[in-house]
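Q: Whenever a hint applies, use it, and build me the whole structure from the sequences.
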Amino acid sequence: MKKLMLGNDAIARGLYEAGVDLISSYPGTPSTEITECAAKYDEIYCEWAPNEKVAMEVAFGASLRGGRSACAMKHVGLNVAADPLFTLSYTGVTGGLVIFVADDPAMHSSQNEQDSRHYAIASKVPMVEPADSMEAKEFVKEAFRISEEYDTPVLFRMCTRIAHSQSMVTFGERVEREIPKYEKNPQKYIMAPANAIRRHPFVEERTRKLVELGETTSLNRVEMGGTKMGIICSGTCYQYVKEVFGDTVSVLKLGLVNPLPEKCIRDFAQSVEKLYIIEELDGIIETHVKNLGISCIGKEMFSPIGEYNQYTIRKAFGLDLPETVDTDTEIPVRPPIMCAGCPHRGLFYTLAKHKITALGDIGCYTLGSAAPLFALDSTLCMGASVSGIHGFNKIGGKESESKTVCVIGDSTFMHSGMTGLVNIAYNASNSTVIIVDNSITGMTGHQQNPTTGYNIKGDPAAAVNLEDLCHAIGIKRVRVVDPYNLKECEEVVLEELSIEEPSVIISRRPCMLLKYVKPNPPVEVDTDKCVGCRMCLKLGCPAISFKDKKAKIDYTQCVGCNVCTQMCNVKAIGEK
Amino acid sequence: METKNVMIVGVGGQGSLLASKLLGVLLTEEGYDVKVSEVHGMSQRGGSVVTYVRYGEKVYSPIIAEGEADFIVSFEKIEAARYAKCLKKGGKIIVNTQSIDPMPVIIGNAQYPENVLDELKEKGVFIDSIDALKLAEEAGNPKSANIVLMGRLAKYFDMDYDKWIKAIKGLVKPQFVDVNIKAFEMGYNY
Chain W
1 MKKLMLGNDA IARGLYEAGV DLISSYPGTP STEITECAAK YDEIYCEWAP
51 NEKVAMEVAF GASLRGGRSA CAMKHVGLNV AADPLFTLSY TGVTGGLVIF
101 VADDPAMHSS QNEQDSRHYA IASKVPMVEP ADSMEAKEFV KEAFRISEEY
151 DTPVLFRMCT RIAHSQSMVT FGERVEREIP KYEKNPQKYI MAPANAIRRH
201 PFVEERTRKL VELGETTSLN RVEMGGTKMG IICSGTCYQY VKEVFGDTVS
251 VLKLGLVNPL PEKCIRDFAQ SVEKLYIIEE LDGIIETHVK NLGISCIGKE
301 MFSPIGEYNQ YTIRKAFGLD LPETVDTDTE IPVRPPIMCA GCPHRGLFYT
351 LAKHKITALG DIGCYTLGSA APLFALDSTL CMGASVSGIH GFNKIGGKES
401 ESKTVCVIGD STFMHSGMTG LVNIAYNASN STVIIVDNSI TGMTGHQQNP
451 TTGYNIKGDP AAAVNLEDLC HAIGIKRVRV VDPYNLKECE EVVLEELSIE
501 EPSVIISRRP CMLLKYVKPN PPVEVDTDKC VGCRMCLKLG CPAISFKDKK
551 AKIDYTQCVG CNVCTQMCNV KAIGEK
Chain B
1 METKNVMIVG VGGQGSLLAS KLLGVLLTEE GYDVKVSEVH GMSQRGGSVV
51 TYVRYGEKVY SPIIAEGEAD FIVSFEKIEA ARYAKCLKKG GKIIVNTQSI
101 DPMPVIIGNA QYPENVLDEL KEKGVFIDSI DALKLAEEAG NPKSANIVLM
151 GRLAKYFDMD YDKWIKAIKG LVKPQFVDVN IKAFEMGYNY
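Protein chains in written order, with this note's numbering: chain W, 1 to 576; chain B, 1 to 190.
Think of the hints as simulated: they come from the structure by calculation, not from any bench.
All C-beta atoms in this analysis are idealised placements derived from N, C-alpha and C, irrespective of residue type, glycine included.
Accuracy of the hints is not assured; some may be wrong.
[Claimed, not checked] Facing chain W, from chain B, some residues (calculated, C-beta under 10 angstroms): (1) Ser20; (2) Leu27; (3) Ile64; (4) Glu76; (5) Ala84; (6) Ile100; (7) Pro102; (8) Tyr112; (9) Asn115; (10) Leu120; (11) Gly124; (12) Lys166; (13) Gly170; (14) Pro174.
A: Here is the structure:
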């Protein structure tokens, strides 16, 4: 069977065909669909874990017991899971273990542009990188083979343009494998110094063998196209190179991107007059090639910032560029925004109105930082708002304690906000933590999490009670507000800021895009009453615009949250 | 054959995913090599979104770069202008005349450039404007504006009408087949 398939979906198919038993992940763009698509196969046990570290450790346990296991995450998720990764490199595996990591050059949906190949080098773990969906599927099977043969976890690098591009895939059959009998092996799996000291030489020897593998593996291939010019590339860059040059240049396409081969690169370099390295983000292949004493051109011509495409390459080589036409008019930017009826809006308006300093976190609510609310002061990484506010208040003292909050979503709180809250309680921090609980992991496209009461398959599951959890951590003051109720929101936020002890405010209302959330009838503006004061526009609701000196509400977008109704001083907004 | 390029642009939430899926299925069945590329995640809702569909004998890059698009199908007026530089010389823009104010316009920091398409026309760009929202409402569901636009695109494609209809039937839920076929016809015959 042949099918047009998303790169991430093709990986899921690869997991199925490879006889994989388990995948545990935390959602993160552009990696999320790997696990979502795997959940369609009953043969694979799939789950959302609270964070990437937990996910990788679940995969470790499954491998220890002999199963083929996987975990998937975005590039910054690998930072969270770095702790198990570095020692997993030492223990190696029993059942194959593959770690999928999706980079996001150009930061379509990320807070940085880190290149996860550095992790492969630092942890001394092999890394493969496919260039389209079919390769993605086939590389999964090869990655599991390498994992078991070389006794190592394998990193599997994706990027947005492979993960979120569809291309043709031919299906294969699933190969079932038997789970071996469990055998205790403390020398290999208890990484106390005495054992770890013996495992480190194994890791170094394994790397030497993997370099040998790189010389001959079909993951790396040479496509000769004359001797004038040679290009070394991998992943999506290979596609751009072929798009521009076709078969007119020679290409060394690397599929095993760590460790990099030596002889293979030397031979290729010798077969061409001029050697170029084209790789997005950091010059990792280039550094390796230059360290081999081979002269090549890389980042002298190409930026370490953002994505490439065929245009970038044509331009860099001074080739003819296609004719273009453009407008001279400035087109206003259209940034992503909180949806009409987003429950976060009422809360952020309250914070903005009182000029409250707010340390933010990672999620849809990061959009509260944008115009016109400008409600956030910082966004660093998952959970950093809760830890950060404590440090902020320790320095700022009483003055900042009375006008600073932090804002974190339900899923992000479960991911790594909890430990920050433990620190607040333990170290008696007079900080006000707001959990914006929209009952779903929103920004990555509606995944369940430990607070929602459902698992990845949509079946009922145990739900963490946030109030009880906060109490158990040692927070005495836990308040719940409805962010659609501006008055309540304002009263509770101001009260908790004024009180001198740690507190948690749970701003609770489900995301209005959830299927079970039924919208209210849309509201409209009575143009006779509207005085054109623009108060309602302060909310930054996409359903409200300003036409002919009056506010106007788009009935196709409005879900009747009635937050704007509360803003209107002349009562011009109401149901039809 | 040379690789053909279709860009579908609009505002997150307007249904460009179904449109690109329809094209993808159809072109695959025609035996072409096809690549479809989109960006998911945070930029989905309310932001400017773009989907690339490429087909031919052998397609390499999943992206359509400047000066390469044979067609730009825009679900919103100024989004067509935003991506105009991607249009190939002699390429065509099919645009829904619906305006959706971006946030800088809503809060009064920018003007909505009402006449930007006229400017492009004056520069010799082929623009086929269509009120897809109105036609979709006439067809029975404003959400089928995406299929109205695909109907319009089909007019410029050398492909059997029936194949499009068959592909629509295979893609949408049974209860929405009739309204989508009607929407497709309205775009095609506009």
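Q: Indicate, hint by hint, whether the structure satisfies it.
A: Right, here's what the structure says about each hint:
no.	hint	verdict
1	Ser20	9 angstroms, holds
2	Leu27	8 angstroms, holds
3	Ile64	8 angstroms, holds
4	Glu76	9 angstroms, holds
5	Ala84	6 angstroms, holds
6	Ile100	8 angstroms, holds
7	Pro102	4 angstroms, holds
8	Tyr112	7 angstroms, holds
9	Asn115	8 angstroms, holds
10	Leu120	6 angstroms, holds
11	Gly124	7 angstroms, holds
12	Lys166	16 angstroms, violated
13	Gly170	13 angstroms, violated
14	Pro174	19 angstroms, violated
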